[in-house]
Amino acid sequence: MLLSAFTTAVNKPVEKVDLDRYAGKWYSLYSIPTFFDKGSRETTTSYNWDQKGYYDVLTTYKKGDDDEEVHTYKSKLFQVDNTNNSQMKAQFIWPYKVDYWIIELADDYSYVVVGHPDHKFLFIMSRKPSMDKKLYEEIISRCKAKGYAVEKLTSQHQNG
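Per full-length UniProt numbering, residue 1 is the first one in the sequence shown, and the count goes up by one each step.
Calculated from the structure, these hints are not laboratory results.
Note that CB positions come from ideal geometry on N, CA and C, so glycine has one too.
Certain hints may be false.
To be verified - Cut-off 20 Å, straight-line C-alpha distance, at most; resulting in silico cross-link-like pairs (DMTMM-like, lysine to aspartate or glutamate): (1) K97 - D56; (2) K76 - D56; (3) K89 - E104; (4) K134 - D118; (5) K16 - E42; (6) K133 - D118; (7) K152 - E138; (8) K16 - E137; (9) K152 - E104; (10) K25 - D107; (11) K38 - E15; (12) K62 - E42; (13) K128 - E151; (14) K52 - D20; (15) K16 - E151; (16) K76 - D50; (17) K52 - E42.
Unchecked claim - Label-pair ranges, simulated between beta-carbon atoms: (18) K16 - K97: 15 to 25 Å; (19) K74 - D99: 33 to 43 Å; (20) N84 - N159: 12 to 22 Å; (21) S46 - K89: 11 to 21 Å; (22) A23 - P129: 25 to 35 Å; (23) D107 - G64: 33 to 43 Å; (24) Y73 - K134: 12 to 22 Å; (25) D18 - E68: 34 to 44 Å; (26) T72 - A9: 29 to 39 Å; (27) E15 - K144: 14 to 24 Å.
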């Protein structure tokens, strides 16, 4: 029994994602920064399902503490066959694609946690610009158990 307290949860995607419900605007609340979002704040990402097997993705953000200019970039998020849409491939620069796993998703699609099979990144996103502190702490605990370096998470400092 004592050993079970030290076991690591499996890092795997959720069972299924409804593409229509996943579409729309998400607020990035916390992330393990990547090359693309390091130093960004107030990041939002909008997913528009294209019916060709991918989302057109528009990301908006501000850089640093003093820059009020809104920056944008476009990317694509592709379906992966036989994964019930919980594993996808993100393409920020053609032709390169990176794994994009939906590892946690609220039943009502109010929040999502996006990870990577090798724990390279982690995004906690919500339909609103803020999240209940208790829920956030529970998510962090689950992500830590899955092997993510949660101490590297940074806030996106959403206004809301």
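TODO: Report the numbers of all earlier hints that the structure fails to satisfy, in ascending order.
DONE: Hints 4, 5, 6, 8, 11, 13, 15, 17, 19, 20, 22, 24 not satisfied by this model.
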